[in-house]
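Chemist: Let the sequences and hints guide you as you build the complete structure.
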Amino acid sequence: MKTALRQKVVVQPGGVIQIHSPELKSGSSAEVIVLVESAERKSLAKLIGTAKGGFSSPQEADAFIHRERDAWPS
Numbered sequence: 000m001k002t003a004l005r006q007k008v009v010v011q012p013g014g015v016i017q018i019h020s021p022e023l024k025s026g027s028s029a030e031v032i033v034l035v036e037s038a039e040r041k042s043l044a045k046l047i048g049t050a051k052g053g054f055s056s057p058q059e060a061d062a063f064i065h066r067e068r069d070a071w072p073s
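Here numbering that gives the first Met the number 0 is used: the first residue of the sequence shown is 0, the next is one more, and so on.
Source of the hints: derived by calculation from the structure; they are not laboratory data. Just so you know, not all the hints are guaranteed correct.
No farther apart than 20 Å at their CA atoms in a straight line, the calculated lysine to any residue pairs in the SDA-like style are these [what the hints assert, rightly or not]:
(1) K41 <-> F54
(2) K1 <-> S25
(3) K1 <-> E39
(4) K1 <-> H19
(5) K7 <-> G53
(6) K1 <-> S42
(7) K45 <-> S56
(8) K7 <-> L34
(9) K7 <-> A38
(10) K7 <-> G26
(11) K1 <-> E30
(12) K7 <-> E22
(13) K7 <-> I32
(14) K7 <-> S37
Modeler: Dropping the structure here:
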């Protein structure tokens, strides 16, 4: 049976982290997954237009629509 242990830690100089718990028995095998919180948070406004097919401005979207309408057969 697997047991999960969750702790918040601070990354030390050199990228070192330490986990201390009485639940951890000496000589036992453990798998460690590190989830790092990003210090930089992106605002949603910065994501607008970054996806494939997205437009970075209303003018760019308008120009695309005009090009598409001009391509339609008369």
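Chemist: A separate judgement is required for each hint: does it hold in the structure or not?
Modeler: A quick look at each hint next to the structure:
no. : hint        : in the structure
1   : K41 <-> F54 : holds, 18 Å
2   : K1 <-> S25  : holds, 16 Å
3   : K1 <-> E39  : violated, 34 Å
4   : K1 <-> H19  : holds, 18 Å
5   : K7 <-> G53  : violated, 37 Å
6   : K1 <-> S42  : violated, 38 Å
7   : K45 <-> S56 : holds, 11 Å
8   : K7 <-> L34  : holds, 10 Å
9   : K7 <-> A38  : holds, 15 Å
10  : K7 <-> G26  : violated, 23 Å
11  : K1 <-> E30  : holds, 10 Å
12  : K7 <-> E22  : holds, 16 Å
13  : K7 <-> I32  : holds, 12 Å
14  : K7 <-> S37  : holds, 14 Å
Hints 3, 5, 6 and 10, counting from the list given before, are not met by this structure.
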